[in-house]
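For the protein sequence lines, the chains are H and G, in the order given. Mind the numbering: the first sequence is residues 1 to 390 in the working numbering, read in order. Mind the numbering: the second sequence is residues 1 to 390 in the working numbering, read in order.
One or more of the hints may lead you astray.
As the list makes no split between identical chains, a pair holds if one copy fits it or if it spans any two.
What the hints assert, rightly or not - Below, simulated DSS-like cross-link-like pairs (lysine-lysine); rule was C-alpha separation at most 27 Å, straight line: (1) Lys223 <-> Lys179; (2) Lys326 <-> Lys157; (3) Lys226 <-> Lys79; (4) Lys132 <-> Lys319; (5) Lys352 <-> Lys331; (6) Lys32 <-> Lys58; (7) Lys357 <-> Lys306; (8) Lys226 <-> Lys179; (9) Lys79 <-> Lys25; (10) Lys157 <-> Lys179; (11) Lys346 <-> Lys114; (12) Lys79 <-> Lys324; (13) Lys334 <-> Lys324; (14) Lys179 <-> Lys16; (15) Lys157 <-> Lys224; (16) Lys32 <-> Lys66.
It should be emphasised that the hints constitute simulated quantities derived from the structure, not laboratory data. Computed from a predicted structure; not experimentally measured.
2 protein chains.
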Amino acid sequence: MGELRFTSSVDVKARKNAAERLRAKFLELVQKILEGEEPSMEIPKRTLSNTIYDRERKLLLLGPEKFERNFLDMREARKFMQTVLMASIIYEALVNDEYPTIRDLYYRGKHTIKYRDHRGRTEEENTWDEQKESDAVLRDIEVFVGLLREDMLILSKEKGKVVGDMRIRSGDDVIDLSKMGHGAYAIEPTPDLIEFLDVNAEFVLVVEKDAVFQQLHRAGFWKKYKAILITSAGQPDRATRRFVRRLNEELGLPVYILTDADPYGWYIYSVFRIGSITLSYESERLATPNAKFLGVSMTDIFGDPKTGKKPYLTEAERKNFIIKAKKTDIKRAKELMNYEWFKTPKWEREIKLFLEKQSKLEIEALAGKGLRFLMDVYIPTKIQTQDFIE
Amino acid sequence: MGELRFTSSVDVKARKNAAERLRAKFLELVQKILEGEEPSMEIPKRTLSNTIYDRERKLLLLGPEKFERNFLDMREARKFMQTVLMASIIYEALVNDEYPTIRDLYYRGKHTIKYRDHRGRTEEENTWDEQKESDAVLRDIEVFVGLLREDMLILSKEKGKVVGDMRIRSGDDVIDLSKMGHGAYAIEPTPDLIEFLDVNAEFVLVVEKDAVFQQLHRAGFWKKYKAILITSAGQPDRATRRFVRRLNEELGLPVYILTDADPYGWYIYSVFRIGSITLSYESERLATPNAKFLGVSMTDIFGDPKTGKKPYLTEAERKNFIIKAKKTDIKRAKELMNYEWFKTPKWEREIKLFLEKQSKLEIEALAGKGLRFLMDVYIPTKIQTQDFIE
Numbered sequence: 001m002g003e004l005r006f007t008s009s010v011d012v013k014a015r016k017n018a019a020e021r022l023r024a025k026f027l028e029l030v031q032k033i034l035e036g037e038e039p040s041m042e043i044p045k046r047t048l049s050n051t052i053y054d055r056e057r058k059l060l061l062l063g064p065e066k067f068e069r070n071f072l073d074m075r076e077a078r079k080f081m082q083t084v085l086m087a088s089i090i091y092e093a094l095v096n097d098e099y100p101t102i103r104d105l106y107y108r109g110k111h112t113i114k115y116r117d118h119r120g121r122t123e124e125e126n127t128w129d130e131q132k133e134s135d136a137v138l139r140d141i142e143v144f145v146g147l148l149r150e151d152m153l154i155l156s157k158e159k160g161k162v163v164g165d166m167r168i169r170s171g172d173d174v175i176d177l178s179k180m181g182h183g184a185y186a187i188e189p190t191p192d193l194i195e196f197l198d199v200n201a202e203f204v205l206v207v208e209k210d211a212v213f214q215q216l217h218r219a220g221f222w223k224k225y226k227a228i229l230i231t232s233a234g235q236p237d238r239a240t241r242r243f244v245r246r247l248n249e250e251l252g253l254p255v256y257i258l259t260d261a262d263p264y265g266w267y268i269y270s271v272f273r274i275g276s277i278t279l280s281y282e283s284e285r286l287a288t289p290n291a292k293f294l295g296v297s298m299t300d301i302f303g304d305p306k307t308g309k310k311p312y313l314t315e316a317e318r319k320n321f322i323i324k325a326k327k328t329d330i331k332r333a334k335e336l337m338n339y340e341w342f343k344t345p346k347w348e349r350e351i352k353l354f355l356e357k358q359s360k361l362e363i364e365a366l367a368g369k370g371l372r373f374l375m376d377v378y379i380p381t382k383i384q385t386q387d388f389i390e
Numbered sequence: 001m002g003e004l005r006f007t008s009s010v011d012v013k014a015r016k017n018a019a020e021r022l023r024a025k026f027l028e029l030v031q032k033i034l035e036g037e038e039p040s041m042e043i044p045k046r047t048l049s050n051t052i053y054d055r056e057r058k059l060l061l062l063g064p065e066k067f068e069r070n071f072l073d074m075r076e077a078r079k080f081m082q083t084v085l086m087a088s089i090i091y092e093a094l095v096n097d098e099y100p101t102i103r104d105l106y107y108r109g110k111h112t113i114k115y116r117d118h119r120g121r122t123e124e125e126n127t128w129d130e131q132k133e134s135d136a137v138l139r140d141i142e143v144f145v146g147l148l149r150e151d152m153l154i155l156s157k158e159k160g161k162v163v164g165d166m167r168i169r170s171g172d173d174v175i176d177l178s179k180m181g182h183g184a185y186a187i188e189p190t191p192d193l194i195e196f197l198d199v200n201a202e203f204v205l206v207v208e209k210d211a212v213f214q215q216l217h218r219a220g221f222w223k224k225y226k227a228i229l230i231t232s233a234g235q236p237d238r239a240t241r242r243f244v245r246r247l248n249e250e251l252g253l254p255v256y257i258l259t260d261a262d263p264y265g266w267y268i269y270s271v272f273r274i275g276s277i278t279l280s281y282e283s284e285r286l287a288t289p290n291a292k293f294l295g296v297s298m299t300d301i302f303g304d305p306k307t308g309k310k311p312y313l314t315e316a317e318r319k320n321f322i323i324k325a326k327k328t329d330i331k332r333a334k335e336l337m338n339y340e341w342f343k344t345p346k347w348e349r350e351i352k353l354f355l356e357k358q359s360k361l362e363i364e365a366l367a368g369k370g371l372r373f374l375m376d377v378y379i380p381t382k383i384q385t386q387d388f389i390e
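Could you put the whole structure together from the sequences, leaning on the hints where they help?
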């Protein structure tokens with residue numbers, strides 16, 4: 001009698017694929033050794049200088065530069081050991097039906113190696129001391145093997161939620177995202193394993209704040225406006241980004257991002273749209289270059305005399321709702337001005353207006369003006385008049 | 001033709017109830033004024049001195065003390081105005097099908113009142129300046145009217161997730177929590193409106209960390225061990241606490257809490273079990289006095305010579321996994337020793353061992369030792385041998 005299986009058939013297949021690719025890649029290394037060659041890995045460089053903003057595809061991508069990690073190079077031996085150690089831990093986890101996190105990969109590998117040096121003295125060396133070391137090695141493996149961590153069933157905490165008129169298959173279940181009651185569907189850490197079955201929606205609205213998501217969901221926004229409603233609950237994690245990208249790319253749904261009107265909100269938009277600078281190799285799969293910044297924009301608050309746009313807030317509401325920008329906000333805004341993808345007329349206008357007014361606004365202020373205002377006036381008007389920033 | 005309804009029938013009913021109770025309570029105030037009496041409200045005191053630890057029920061509760069909030073008392077007039085303002089905003093939201101959050105209640109009420117003083121000079125006064133003022137007034141209304149904010153359809157962000165062999169009704173939908181695929185069900189902010197339909201489970205396991213929840217879920221822990229698996233994703237919010245309490249109280253399921261082995265983890269357990277000190281009036285509905293601290297305990301790490309308990313970690317694993325306690329951890333542990341409900345032999349032993357070893361451990365370290373170890377050895381053994389702390 002076989003043991004009952006408690007994991008999904010989807011995972012069994014994903015696991016097999018990843019294990020085979022990982023094994024094949026590292027067998028090349030073994031092959032080199034067997035042929036008497038120096039063991040070395042050729043790994044794409046994850047440096048800023050090798051990070052390129054592709055204007056055409058509007059993505060941050062890894063450039064063509066690579067480096068050699070050689071076992072017989074004194075400066076590289078430790079990193080080489082760490083890379084092979086990490087690869088073996090991931091491989092073991094794959095074949096043993098485990099689901100590690102990056103935190104427990106760190107714990108799994110953490111130990112002290114005792115060895116004798118060339119003078120015969122016993123020495124000790126830790127495999128790694130901090131998680132940032134093991135994380136860096138994991139990233140090397142991702143670019144070396146060409147598999148993202150999710151492909152290797154490495155899990156992580158996950159904040160993203162979704163509701164909407166859409167059916168998906170996740171694991172061995174079919175889930176109707178329109179039948180979540182007052183709750184929502186918490187997106188899995190491996191969204192590439194989700195199968196989209198059918199969808200009845202015209203656009204995707206991503207809300208930065210979970211509480212505003214709850215309000216819009218509860219008031220039936222997604223039903224009324226045929227939307228897929230998503231929250232990233234702050235800075236988006238990888239799974240939420242990938243899920244949003246797939247909705248855009250595979251289902252052709254436009255994606256609108258709604259954040260607070262401040263540099264932190266702009267950065268959240270930027271991560272959805274372009275990707276994070278430190279992890280550019282992931283952008284190709286996680287970023288949504290077509291994502292639009294719906295608001296809240298500075299011209300929504302103050303209007304725009306140049307275009308004749310009227311503000312959504314009255315003078316009195318501005319007085320009550322606006323928050324004075326902090327020094328860190330100003331600093332952050334000036335940093336964002338240097339990013340390639342913020343160098344467009346609309347963004348320059350936005351940032352300039354922010355620096356001039358030194359004011360920011362939370363989405364909750366619009367809900368404070370009235371949930372019906374947010375839901376039935378502000379969002380639909382912004383979409384219909386194409387009053388967004390790209 | 002009526003407008004299509006986009007909100008649930010459950011909310012329509014809840015809304016009506018809350019509006020009626022709120023109205024009735026404040027009509028008493030109107031009645032007083034009509035009868036020529038001084039307008040005043042008698043509100044239960046939410047002070048520490050009026051917070052009582054009920055040893056019998058093992059709950060933090062509000063004591064019998066009340067105070068009068070009089071309109072004609074100079075020191076009270078501002079607070080009186082704030083209370084009536086907040087009540088009217090909540091009432092308006094209820095009858096207008098709104099779903100405010102505490103943040104937008106703050107925005108809704110925030111404005112400047114202009115008036116003439118007794119010398120005829122124009123003066124200005126803000127209704128409130130910061131959210132902590134409007135939050136305090138909301139709490140007064142909760143204890144005054146005897147309705148929690150959730151009863152008044154005030155929403156909030158929500159981190160809790162659940163999976164397990166259980167069917168619930170939320171809003172107008174029936175949701176099968178065993179059919180969530182690799183994802184999970186995100187608990188609604190108003191868990192009292194959830195109806196439990198049927199359950200096939202023997203206990204509830206609450207995991208502090210979302211990533212560990214993902215691992216256990218994915219490996220099929222809840223299927224194999226007939227559990228309802230929940231994560232609070234850190235410090236539990238109100239909805240997660242209420243949901244857990246209802247599973248315990250209404251379905252009779254034992255509740256086990258699994259956190260990191262450190263004072264922060266103990267505090268999370270404490271909030272689930274007893275309630276938070278500042279919000280004792282909520283404890284009666286949110287706390288789970290029967291909840292058990294499953295681990296990770298200090299004796300799990302170091303063993304216990306007194307009882308002959310063997311540690312779950314080897315000497316080498318301790319060396320690799322243990323994190324040195326910080327000064328803030330030590331300080332926190334000493335504070336917890338003063339809490340009434342930590343003054344039990346088992347907790348005193350736990351805290352003493354922590355202060356002696358000055359060591360803490362993350363759950364991830366146990367997953368690092370092996371997910372199978374965590375899932376098939378550690379958790380089941382702890383439950384079967386009743387090796388938990390109450």
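Results for each hint:
{"no.": "1", "hint": "Lys223 <-> Lys179", "verdict": "both (11 Å within a copy, 23 Å between copies)"}
{"no.": "2", "hint": "Lys326 <-> Lys157", "verdict": "between (30 Å within a copy, 25 Å between copies)"}
{"no.": "3", "hint": "Lys226 <-> Lys79", "verdict": "neither (51 Å within a copy, 44 Å between copies)"}
{"no.": "4", "hint": "Lys132 <-> Lys319", "verdict": "between (45 Å within a copy, 19 Å between copies)"}
{"no.": "5", "hint": "Lys352 <-> Lys331", "verdict": "within (13 Å within a copy, 46 Å between copies)"}
{"no.": "6", "hint": "Lys32 <-> Lys58", "verdict": "neither (39 Å within a copy, 67 Å between copies)"}
{"no.": "7", "hint": "Lys357 <-> Lys306", "verdict": "within (17 Å within a copy, 67 Å between copies)"}
{"no.": "8", "hint": "Lys226 <-> Lys179", "verdict": "both (14 Å within a copy, 24 Å between copies)"}
{"no.": "9", "hint": "Lys79 <-> Lys25", "verdict": "within (17 Å within a copy, 69 Å between copies)"}
{"no.": "10", "hint": "Lys157 <-> Lys179", "verdict": "both (24 Å within a copy, 20 Å between copies)"}
{"no.": "11", "hint": "Lys346 <-> Lys114", "verdict": "neither (59 Å within a copy, 39 Å between copies)"}
{"no.": "12", "hint": "Lys79 <-> Lys324", "verdict": "between (47 Å within a copy, 26 Å between copies)"}
{"no.": "13", "hint": "Lys334 <-> Lys324", "verdict": "within (16 Å within a copy, 39 Å between copies)"}
{"no.": "14", "hint": "Lys179 <-> Lys16", "verdict": "between (33 Å within a copy, 24 Å between copies)"}
{"no.": "15", "hint": "Lys157 <-> Lys224", "verdict": "between (31 Å within a copy, 22 Å between copies)"}
{"no.": "16", "hint": "Lys32 <-> Lys66", "verdict": "within (19 Å within a copy, 81 Å between copies)"}
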